[in-house]
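Enquirer: Assemble the complex: chain A is given as a structure, and chains B and C must be docked to it using the hints.
For reference, the chains in residue letters:
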Amino acid sequence: MAVAEQTLASAPVRRKQASQSYLSLVWWKFRKNRTAVFGGVLLLVLHIAMVGVPEFVSPYLLERTSDYVEAKPQRIRFFDQEGNFHLRPFVYGLEKKIDLAKRTRVYVDDPIRIYPLGFFVAGEPYQLFGLIPLKTHLYGTLSDDPAASVFIMGTDALGRDWFTRILYGGRLSLMIGLIGQLMTIAFGTILGAMSGYYGGWVDQLIQRATELLGAIPDIPLFMALAAAIPSFWSPISVYFMLTLILSFVRWGGLARQVRGLILSLREREYALAAKSAGGSDSRIMFRHLLPGTMSHVIVIATLAIPGMILSETALSWLGLGLRPPLTSWGVLLQDAATVRAIHTTPWELWTVPFILLTILAYNMLGDGLRDALDPYSGR
Amino acid sequence: MSVTNQTQSQAQPPTKNDTILLDVKGLKKYFPIQKGFLRRTVGYVKAVDDISFFVREGETLGVVGESGCGKSTAGRSIIRLYEPTAGQVSFKSQVLGSNGQTKTVNLLDLNAQEMKSVRQEISMIFQDPVNSLNPRMSVSDIIAEPMIIHGMKMGQDTEDIIVSLLERVGLRSDHLRRYPHEFSGGQRQRIGIARALSLNPSLVICDEPVSALDVSIQAQTLNLLQDLQKDFNLAYIFVAHDMSVVEHISDRVAVMYVGKIVEMAETDALFTNPLHPYTEALLSSVPKPDPLYKPHRIMMQGEVADPSNPPSGCYFHPRCRYAQDLCKEKSPEFRQIKHDHWTACHFAGELKLEGI
Amino acid sequence: MSEPLIEIKDLRVEFNVREGIVKAVDGFNLTINRGETVGVIGESGCGKSVTARAILNMVPKPGKVTSGEILYYRRSKENPSDGQSRTTDVLDLTKLDPDGETIRQVRGGEIGMIFQEPMSSLTPVYSVGTLINEAVSLHRLSPVKRVGAQITETIQTHRRVTKAEGRQIAIEMLRKVGIPKPNERVDSYPHQLSGGQRQRVMIAIALSCEPVMLIADEPTTALDVSIEAQILDIMRELQESSDMAILFITHNLGVVANMAHEIVVMYMGKAVERAKVQDLFYQPQHPYTRSLLQSIPKLGQKKSGERLASIAGSVPDPFHLPPGCVFHPRCPAFMPGRCDTITPQWTQVGDDHWASCLLYEEAGK
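Residue numbers (our numbering), protein chains in the order written: chain A, 1 to 379; chain B, 1 to 356; chain C, 1 to 365.
FYI, nobody ran anything at the bench for these hints, they're computed from the structure.
Note that the structure is predicted; figures quoted are calculated from it, not measured.
One should not assume that every hint holds.
[As the list claims (entries may be wrong)] DSS-like cross-link-like pairs, simulated, lysine-lysine; straight-line CA separation at most 27 Å:
hint : chain 1 : residue 1 : chain 2 : residue 2
1    : A       : K32       : C       : K61
2    : C       : K298      : B       : K288
3    : B       : K230      : C       : K61
4    : C       : K298      : A       : K32
5    : B       : K35       : B       : K25
[To be verified] Some but not every residue of chain B turned toward chain A, in silico, with C-beta under 10 Å:
hint : residue
6    : R76
7    : I79
8    : I161
9    : L165
10   : G192
Backbone N, C-alpha and C fix where the C-beta goes; we use that ideal spot for every residue, glycine too.
Next up, chain A with everything else stripped away, as it sits in the complex (with noise of 0.2 Å):
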């Protein structure tokens, strides 16, 4: 390699990118990862539907019961029984039976009714963003008959439509990722730094103790932690303290790293010249130090946003994170891991598609992400 990033090295001025920034050389060659570039659209996607507009996208509210308790998804169809072909498309009502020999409730389709489905239907009122009133739902049935519904999951033991369940779950896992991350990477990086550049007793201090941290296993101090929360807390209480407590454990090992790029970029001649010419410590810090810092803090962020996620519905299915009635996909799981759910409502197993995409997309970006943040090397 040395050879050809020496041939490379010498080229005067690559006239191709010529001017370019750090970050235009980054999005330049971020965009040519296909799986990258796929990974953060996914992302966005998710991220808006769920963290930013899920009123809009589900057709009903959150809160919304309905007479029809467990039923199965309705299907979307283009073609009813008689093979008619329908340009727009429409479910079948559902119909309760009961199923007498296995006494359950059984749900069949009635292809009597007809309810025909569309996009930006009026429903109910919401606020988006909490500022601006609205009513439009991204899609819903254009059917005026009040027992008319849409749930293309199914619902729960509550007849709340199982998808709207999903996406305002989202909500909350995703941003447990999220500000989670970010609190990890603010502990992370203003810890390591200060390992790095101060060194003595500030770093040894700040080293023994990722090291403890370091020591205990996860899932315990986890459990011990999110038991420690009063239960009379107010369930928004609760998530943020997760929140912190996930952030917490995690600091450690992005602290060590951050350190030890520091400790390496603090003898670069560029950090040296800084302050041969006077440059005061936070200077040389923020201008010089961390910036050199961020690429990589950003690829072990978002790599590690999954665990994060993960952590979170791994917790409230054992019960100790989120309780209803917040909603998290821990919280959905919880209701579908039972050999009950999964005989009689497969349906709510749904939950676990959305959480491996989004785990997929996280890894698909942090990779394409770590390749484009290192924009000098030569491939």
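Expert: Chains B and C only, in chain A's frame:
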């Protein structure tokens, strides 16, 4: 290139005066060696061990030596990039003086604010053209940084200064908005030089400024440094390991070995009549670009001594072919033998040493 | 007497990178005779290292040998006691499978290679991978085999010897390259050695199988002058005592002047001049060689305030090579209308002295 050619035509004998700009006395820089859980200091690496030298206004003092001899550390200790362990660094400062008068100050006594002011007058050029420029900053940001640190606002004035500096070092004004990776090694070194000159210093410490450059680029850069010296009356401390480069650019040369200056003299005197056996051996080791030159090589045996555990007496004695018992026992004093010719050898003047 | 060992014919190596194609080596010819030292001089990026690696079929990715051949006149190694004369086969090294059995025998066994010690200035520092490595290496030292074991291993791959024998050879080799107390040093780890000693060990490893040729890629660039002088001396001695050819690659004109019999000057992937060492230093013909020789400061020839004759400009962008002679934009003898249109041919300019410059093509006609 056009810039360098212009100045060549108006070549004048350089006006050197005898005013001493920087006077270093007994400078020491020891790095502690720490071991164990409690980080106890178990010894010291004597990177710079009691050196004294001076630099006159507008002259070049070359500092040569093999790797690990402390030449870079010495340069960096002077401007307190490394905090010296002991010593005195007297510098004739313009900014700290009043009413246009200069004031001689000991850099090691200055407080943070005063030290920051003095840093306008002493700047550095680094070795590695890749490492010495922050890859995230544009050329204009890089050159402007020292000015911004010293309180200048970015504006048309600073922009003009930067453009004139760029042109002075042989780059074009349209390079302003570019980033370091778009330049070749030689061009990057020019950017580093422009940065060093942005505050109009009187002393520039050049830390191996050409050793990472290709042969043809080396020559350009050396010429540029010489031209700039004439134009701005700069004094250089030129730290390098290449004897021929140092000979070419320096007015006076100091030779370092394991943290100490073993010899210091005018360039010609040092190269033709060395007084220290190390200088002699070093000169004879340099490969000459001449196939007919049959080297009467004085092979130095062994390796450079370990600065954390130097030999007794004269540090050079295990490799010295003239070593006597005295050399093992007593450390030689750094003394003036002839006019402006200093050395640290017990037998200086008595030995018949070969120069070039 | 001068029997060819390696013949490089019209070698072309290209690197296909995202900005385009770099012709790292572009039509290079060279013959190396047995027992002869050939120096290759050039600035960084001129293709000298790539050529060396091509000989061992080790061109780094994404480089590829696109045409040309490297003929290796391979002599069977076994000394025939049955009176048969030793046979010589001709092997085209570029056609061999880069991971195959034959090339592995050649590498290290018949052609040894020593490199410059890896230095930070040569690594592209801004790769995240490097940064991670750098960070990791601050905390961990990677496990390395003992020096002795490394040499023994090389021997064992190529010569069937026992472990004890291998150790003996290792000690012997260390003694040959001038490492003090070789019986003790054979058990030390590389990090316990100084830079100069490590380079000696490198040479010992390269020479332990008695190769017919040694490729030395900037072997002393990272070393101090006093150590450099020692290493060069050892290499000269070792060559005189064996019949080994050396391909000596460097950018330092001083180093080759006393090492090589013949010198090739490379510029942007092409050989621009080739001559016996004395002719090259005393009668350089190509303007590039001349400028190069003039641009280095020479010890003991200082004139006060003197400027160096520098070569204008910098090495051209490998993706946009100038037309005609690649050196013409920097050439002091540039002839407008000719040098920028006609590609110069390899012309004989003297006894065993070749150059590729239009100045001499004219004269030859």
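Enquirer: Would you mind marking each hint as holding or not holding in the structure?
Expert: So, going through the hints one by one against the coordinates:
no.	hint	verdict
1	A:K32 - C:K61	20 Å, holds
2	C:K298 - B:K288	8 Å, holds
3	B:K230 - C:K61	47 Å, violated
4	C:K298 - A:K32	50 Å, violated
5	B:K35 - B:K25	31 Å, violated
6	R76	7 Å, holds
7	I79	6 Å, holds
8	I161	15 Å, violated
9	L165	14 Å, violated
10	G192	8 Å, holds
In the structure shown, a violation is registered for the earlier hints numbered 3, 4, 5, 8, 9, in ascending order.
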